[in-house]
Structure formats: C-alpha cells, structure tokens
Amino acid sequence: GAGVSQSPSNKVTEKGKDVELRCDPISGHTALYWYRQSLGQGLEFLIYFQGNSAPDKSGLPSDRFSAERTGGSVSTLTIQRTQQEDSAVYLCASSSRPSGRETQYFGPGTRLLVL
Amino acid sequence: DAKTTQPPSMDCAEGRAANLPCNHSTISGNEYVYWYRQIHSQGPQYIIHGLKNNETNEMASLIITEDRKSSTLILPHATLRDTAVYYCIVRVALGNFNKFYFGSGTKLNVKP
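First to last, the protein sequences are chains U and S.
FYI, the numbering for the first sequence is 1 to 115, going by the working numbering.
FYI, the numbering for the second sequence is 1001 to 1112, going by the working numbering.
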C-alpha cells in the first residue's frame, strides 16, 4: 500500500513569508509525528498527534510554528514569518500503535530553504 | 538531551558483517532501543527494535547487553546499498505517546 507522502518535496521561500507543509499518513494510522532535520544533524521532534487527543506540542521551537490534523488524517505544519534558521528538512511519520511495539514510518520529507 | 552516543562514521568491506555500536547508559527499564537508517535524501527507514532480548529479522540483528547500557546493530553481509546513516534511538513512553530520541547517527560506508 501507499506509504507516507509529503508535499511539496522542495520549498524555497523568502525570509518573512509563511509556508505550509503537508503530510498524508498511511491510511488507518492514528499517530502522526513531525520532525525537523537540519543539515548533517539528527531528527528533532516537533509535534505529535494521536487520534482525537490534544496534540503534544512540546517540541515546537517557537510560536511561529503550528500544526493541525484534520479528520484524523492529513496534517499541515505551518511556519509563519520564516527565518533563515528554519531551513531544514521537515519529516513526517505515522504509526498505527502509539504504545507497545510501535514502528514509525517516515515520509520522504520536505526540504525548506529560506533565503 | 541526547540519550544515545554513536561513532560518527564507520567503514565496512562489502560482504563482511557491519557491527554498529551504540551507548545508552541512562536508559530506563521500560525504554526500547530502536534502529533506523537514512539513505541520502530519503526519510528514515525502520530496521529493528528491542527491549531486553536480542532480536533478529530479515534486515539485521540487535544485540543488547545484559545491563542494557549499550547495544550493537549487526548487518550480517553488508552490501553497497547499505551505505547510509544509522540512527540508534531510545523510545521513551510519555503518557499516551512515545517520544523517539534520535542521536547524531553513524555514517556507514560500505566499500567494494
């Protein structure tokens, strides 16, 4: 079946503009994660959605970052007033079991470049 | 708040076993060890995970020490396509969700 998809695959924007990144999780997966990966670095947790529960936003770096998940499926990560330090690969992952033997499946990521 | 420590890079000859070490000395009793790999420009790919016992699947084996403070990922017969960054991860249960702590990873270079 289809894996996790993300769009756009690449995004170039000017400093100060807003951007929206989209994630389509695997059908039926109730858990959805957003991560950020700066060049040559590991993954930095941003936000987590599980079913209809309130999201865990503990990893969001500033109030310019927000995310929503509509209908328990597609998620959008929004970055307002982008800064150059926001340049990174933004990865989305989904899983079907948020406890026990959970396995996260990752999308290909969106490469964001803020000029 | 890195929970894992890995060497930044390793080399391995094609066809030989690749043994990738990871230290997680502060791991707690209910925290799992996961391994993912990331091939250039792709999202991370799940390899294997375990809690206490050694695990094996079609991709790799995971050896966890008895005190659980370190582990080793073994690729039994490395191929050129196994060249990637390998992440050792500690999964921490926080309420109703699991937080995955990614380290900096080990860049494995498989050479012909």
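Read the hints as simulated data drawn from the structure, not as lab findings.
Fair warning: there could be bad hints in the mix.
Using 25 Å as the maximum straight-line C-alpha spacing, the simulated DMTMM-like pairs for lysine to aspartate or glutamate come out as follows [what the hints assert, rightly or not]:
no.: 1; chain 1: U; residue 1: 11; chain 2: U; residue 2: 44
no.: 2; chain 1: U; residue 1: 57; chain 2: U; residue 2: 68
no.: 3; chain 1: S; residue 1: 1099; chain 2: U; residue 2: 56
no.: 4; chain 1: S; residue 1: 1099; chain 2: U; residue 2: 24
no.: 5; chain 1: S; residue 1: 1099; chain 2: U; residue 2: 63
no.: 6; chain 1: S; residue 1: 1052; chain 2: S; residue 2: 1014
no.: 7; chain 1: S; residue 1: 1099; chain 2: S; residue 2: 1067
no.: 8; chain 1: S; residue 1: 1099; chain 2: U; residue 2: 102
no.: 9; chain 1: S; residue 1: 1069; chain 2: S; residue 2: 1031
no.: 10; chain 1: S; residue 1: 1052; chain 2: U; residue 2: 18
no.: 11; chain 1: S; residue 1: 1107; chain 2: S; residue 2: 1082
no.: 12; chain 1: U; residue 1: 57; chain 2: U; residue 2: 44
no.: 13; chain 1: U; residue 1: 17; chain 2: U; residue 2: 44
no.: 14; chain 1: S; residue 1: 1099; chain 2: U; residue 2: 85
no.: 15; chain 1: U; residue 1: 57; chain 2: U; residue 2: 20
no.: 16; chain 1: S; residue 1: 1107; chain 2: U; residue 2: 44
no.: 17; chain 1: S; residue 1: 1069; chain 2: S; residue 2: 1014
no.: 18; chain 1: S; residue 1: 1052; chain 2: U; residue 2: 24
no.: 19; chain 1: U; residue 1: 57; chain 2: U; residue 2: 85
no.: 20; chain 1: U; residue 1: 15; chain 2: U; residue 2: 85
no.: 21; chain 1: S; residue 1: 1052; chain 2: S; residue 2: 1067
no.: 22; chain 1: S; residue 1: 1111; chain 2: S; residue 2: 1011
no.: 23; chain 1: S; residue 1: 1069; chain 2: U; residue 2: 102
no.: 24; chain 1: S; residue 1: 1099; chain 2: U; residue 2: 14
no.: 25; chain 1: S; residue 1: 1111; chain 2: S; residue 2: 1031
no.: 26; chain 1: S; residue 1: 1099; chain 2: S; residue 2: 1031
no.: 27; chain 1: S; residue 1: 1069; chain 2: U; residue 2: 44
no.: 28; chain 1: U; residue 1: 57; chain 2: S; residue 2: 1082
no.: 29; chain 1: U; residue 1: 17; chain 2: U; residue 2: 63
no.: 30; chain 1: U; residue 1: 15; chain 2: U; residue 2: 63
Evaluation of the provided hints:
1. U:11 to U:44: holds, 19 Å
2. U:57 to U:68: Cα-Cα ~11 Å, so holds.
3. S:1099 to U:56: holds, 10 Å
4. S:1099 to U:24: holds, 20 Å
5. S:1099 to U:63: holds, 21 Å
6. S:1052 to S:1014: violated, 30 Å
7. S:1099 to S:1067: OK: residue 1099 of chain S and residue 1067 of chain S at ~22 Å, within 25 Å.
8. S:1099 to U:102: Roughly 11 Å separates the two Cα atoms, so the pair holds.
9. S:1069 to S:1031: Holds. Residue 1069 of chain S to residue 1031 of chain S sits at ~11 Å (cutoff 25 Å).
10. S:1052 to U:18: violated, 45 Å
11. S:1107 to S:1082: Between residue 1107 of chain S and residue 1082 of chain S the Cα gap is close to 10 Å, so the pair holds against 25 Å.
12. U:57 to U:44: Holds, at about 13 Å.
13. U:17 to U:44: Given that 25 Å is the threshold and the Cα spacing comes to 23 Å, the pair holds.
14. S:1099 to U:85: Holds: residue 1099 of chain S and residue 85 of chain U sit about 24 Å apart, inside 25 Å.
15. U:57 to U:20: holds, 17 Å
16. S:1107 to U:44: The given pair, whose Cα atoms are some 18 Å apart, holds under the 25 Å limit.
17. S:1069 to S:1014: violated, 29 Å
18. S:1052 to U:24: violated, 34 Å
19. U:57 to U:85: Holds, because 19 Å separates the two Cα atoms, which is no more than 25 Å.
20. U:15 to U:85: holds, 10 Å
21. S:1052 to S:1067: holds, 9 Å
22. S:1111 to S:1011: Judged against 25 Å, a Cα distance of about 7 Å means the pair holds.
23. S:1069 to U:102: holds, 21 Å
24. S:1099 to U:14: Cα-Cα ~32 Å, so violated.
25. S:1111 to S:1031: Given pair residue 1111 of chain S, residue 1031 of chain S is violated - Cα atoms ~34 Å apart, limit 25 Å.
26. S:1099 to S:1031: holds, 10 Å
27. S:1069 to U:44: Distance of about 23 Å is within 25 Å: holds.
28. U:57 to S:1082: Violated - the C-alpha atoms of residue 1082 of chain S and residue 57 of chain U are around 34 Å apart, more than 25 Å.
29. U:17 to U:63: holds, 15 Å
30. U:15 to U:63: Cα-Cα ~16 Å, so holds.
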